[in-house]
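*Asks:* Given chain A, work out where chain B should sit, using these hints.
If you're matching them up, the sequences are chains A and B in order.
Mapping of the first sequence onto the working numbering: position 49 corresponds to residue 49, and the numbering continues sequentially without gaps.
Mapping of the second sequence onto the working numbering: position 350 corresponds to residue 350, and the numbering continues sequentially without gaps.
For the record, the hints were derived by calculation from the structure and aren't laboratory data.
A portion of the hints provided could be inaccurate.
Any copy, or any two copies together, can satisfy a pair, since identical chains are not distinguished.
What the hints assert, rightly or not - Calculated lysine-lysine pairs in the DSS-like style (CA-CA distance at most 25 Å, straight line):
#1 LYS364 x LYS56
#2 LYS71 x LYS120
#3 LYS112 x LYS205
#4 LYS160 x LYS364
#5 LYS9 x LYS120
#6 LYS318 x LYS300
#7 LYS120 x LYS22
#8 LYS318 x LYS291
#9 LYS425 x LYS160
#10 LYS300 x LYS429
#11 LYS205 x LYS364
#12 LYS300 x LYS425
#13 LYS429 x LYS160
#14 LYS9 x LYS291
#15 LYS56 x LYS429
#16 LYS71 x LYS112
#17 LYS318 x LYS429
#18 LYS112 x LYS6
#19 LYS429 x LYS510
Protein chains: 2
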Amino acid sequence: MASKTKNYKILAAAKRAQQQDKIPETWRIPAESFQDATNVMDIPLTCGILDQTEVKITSDYDATALLEQLKARVWSTEQVIVAFCKRAAIAHQLTNCLTEIFFEDAIERAKKLDLEYEQKFRGDALPPLFGLPISLKDSFQVAGYDNSTGLGCYVDQPAKEHSALAAMLIDLGAVLYCKTNLPQAIMTGDSDNNIFGRTLNPRNKMLTVGGSTGGEGALIALRGSILGVGTDIAGSIRIPSLCNGIYGFRASVGLVPHGGVRDVTTPGTDIVRSTAGPMATSLRDCSLFLKTILQADTWKYDSTSVSVPWLDLEPARKLRVGVAQNDGVYTPSPPIRRALQQAVSLLRDNDDIQIIPIDLPDVKILYQDHVSYVTLPGSDYYYEQFARTGEPVVPSLETVGILSVPGTTLQGFFDLNVRRAGAAKQYLKLFRDNEIDVIVMPPAPHTAVPLDCWATAAYTGLWNYLDYPAISVPVGYVRDFDSADDLSNAQFGPEDEQVYRLYTSPEQYKDAPVSIQAVGYRQRDEALLKAAAVLDSIINRV
Amino acid sequence: MASKTKNYKILAAAKRAQQQDKIPETWRIPAESFQDATNVMDIPLTCGILDQTEVKITSDYDATALLEQLKARVWSTEQVIVAFCKRAAIAHQLTNCLTEIFFEDAIERAKKLDLEYEQKFRGDALPPLFGLPISLKDSFQVAGYDNSTGLGCYVDQPAKEHSALAAMLIDLGAVLYCKTNLPQAIMTGDSDNNIFGRTLNPRNKMLTVGGSTGGEGALIALRGSILGVGTDIAGSIRIPSLCNGIYGFRASVGLVPHGGVRDVTTPGTDIVRSTAGPMATSLRDCSLFLKTILQADTWKYDSTSVSVPWLDLEPARKLRVGVAQNDGVYTPSPPIRRALQQAVSLLRDNDDIQIIPIDLPDVKILYQDHVSYVTLPGSDYYYEQFARTGEPVVPSLETVGILSVPGTTLQGFFDLNVRRAGAAKQYLKLFRDNEIDVIVMPPAPHTAVPLDCWATAAYTGLWNYLDYPAISVPVGYVRDFDSADDLSNAQFGPEDEQVYRLYTSPEQYKDAPVSIQAVGYRQRDEALLKAAAVLDSIINRV
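Next comes chain A alone, as it looks inside the complex:
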């Protein structure tokens, strides 16, 4: 590791100037045209940078449909890649969602793929993701570019090789064109760091974009990407997905190659492991991603991968859906309760669905253990990394409080393992005794909240702790009639009340997306995606 003597401010300024240089003059929008808007969702269409074809390419398809267009040569790869580079550039100017920008390389590769289409590939021999643009969270190594994760001490250290997933996606025909922003330490519900700054929520700048994969969240919401890849150790895919009204799938550990992802935790601590997964505008794109990866011999790319193949399962006949109204620790805010109720009501009316009310046992203690796992050695290692370039702790990292969790001992670690083994047994019993195919619950006790206020990830983190696959499914938005109600509705004590009071009014939370979370059993990711597709079709009538 190169020793850094530069101050983080100098590094940040240089890095941002580099970013600016990567955006062609003709793709720039005057700041005055959007800086006063709270919601910038329409600006990509109105700013005049995209022509009609580019608007169509970037607006009208999900990844599955775009791939069909690409393979059918309705659009050339170059057309598609240029369109997404432009729209990503716009998204970045609106929300500060990108970190590393490699549009030029991407367009170069697109041209090469177009040539190969004519010369090398013959019809169905096309690679499965031929020409598809895919964005990556900054922590994935892409050779030649930094994966600083927004930490000063890792700036200007370009990766020497691709992360396993990047290599795999390229081999599968995808085109990588940018990486996206995330919070300092990759461990908060905002996406803010001292090098790249904060990513904004394009639907409501006053609310967090979510984290840690927040850059992807904003980029995909603005359709500067239609398929991105994040990582999730406590909700880092699902939280920004719910904040941005997109689909975000946390795969079981090891199914999607995670080798070559920078983790800011102490090396060797990964017992509860971070996992990679897709973020997208449709559920079928999450399936497309997982299926394509699992069919392509992940083991050849990554010594940490778990070889669970895609089996082309049929979805279960009559789905048994366990519904958890809350986690027994935090009471969902009014819009979350209302949306879950509506979703469950639609499910209940369907003959192919059986609803089973369930309670999730012991979430409070299990979440404490989860936090202990991700902070096993305490916080010295974090502080040491920050100190190298003199950077301060960002506010959202103070809010989540993990830097003040004391480390543990080897025996403490064994004790955590014993409790985790017990919880794994208990939750399997919950699944089996109720013959549950899928659990439906909120992905958080609230929507996106005001900046730097996201304090807990228990609703999502539970499934990391147990290593169950889980997906955030958008089901609507905060509505005018979602009034705040009395604090006495917070049923689980003072900490609950503190979070519950974050919801003040539908005005403050205007345009905030609302999602549900669908959870499956460990390593039965395909079964979860099949079940979630059924739920999605009923709830969202897609």
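*Replies:* Chain B alone, transformed into the frame defined by chain A:
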């Protein structure tokens, strides 16, 4: 845990008297008839306890063939189970291979299965392992019986529920009828403990039966069982398999349910995890076992299982076989070198095989790390368990030396994980750069050795450390012409020389089986078994 005040000697005497009671008078053989024999392999056939049908049932089939006979009703389940109970009783009297004996329950269940065959099952609706006798290592919980693992402090504490695998095997139609012996602490190359005593090698009583699943080794060699299940964290399936001339398969961690297996290590330490797997008289029986288990939703039984399904893969076209002559630490003894050379020569002559000589990097340091993993907290926990009933350390546990390995710290544990991640990457590269389908190497630097002399498990333990599947395949015996050669042939230093000098003469090692080890890539267990079957067919002409 009940506190034990009884001395281990009292517990042992009571336990052995119980065992004696479980063997009917008419199944007993006079000790004089075998106690002077070094090799007792023929005694089951000559002792007069088995009738001609029982001899046929227990001698003529592997599990796959016997299952066909059972399903075709050539023999009733009762006939088969009685025959194996009798032969297991004989094997036990000859080698002391059993721990818990439940012949009566088994025969009862066999009668029930025979009735069900007539009344409930119709032809092809039979459970996949219908009526098949399966023996288990003592550490698997079977409800109603101890799983003391030969430790005084766990005697007279019958299991309240089945281990996941026992429950699964019963649901699959198998008949459990006995459990088998293992060493104190389940961690040595002999099978000797203070409660059940030592299991002898039926081919040569002067040599170890192997460990830790040594009871299975002797029982299967004598055909008191044709399919048993062991566990392996450093070689505990493969070592007794090679000592007894049978097939023993160490599956990747989690593929075969391991929940409800007693581990004598400190709870929560299982990072390098023990794994369950079959021991059998044919390679196809190992495949039968794994296939049946993997097709039966292991996740429903065990919260620790890894959901890798059986895919009915075709074996690779032209197999690329990496051959490692040694592990770079211990020089194989003359019969091992000779047998490997013969095997490789047969493979080389085959047009469907490509031989690639390989070296295994860094085995010495990786094996040290492996030992550190299994002794993370040091030895206090072992000593504490032994002290509860005043039992001494058995000699073979002194030999392996793990009780003197100091424990580590949390940081030491992280360092181990970092090195393991590096090794995993390095060995994947070895596989990929050479496009290896399967590695062939010795499973140990020697055959079964004299009692209490087994000191190292690096040849097998490496694959536990990396979690690669590996199978011991018998290829012959020590031959008259396998003379001991000069110690100077031990090429790796003083420790190597110490092990190398164990081989003194073909006379001392008379009838000792010789095996090779076939190793596949992590979680590609089915691919390994398919490849190993090709190798087996060429080397053993089966």
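*Asks:* Could you check the structure against the hints above and give me the numbers of any it violates, in ascending order?
*Replies:* 1, 3, 4, 5, 7, 11, 14, 15, 18 and 19
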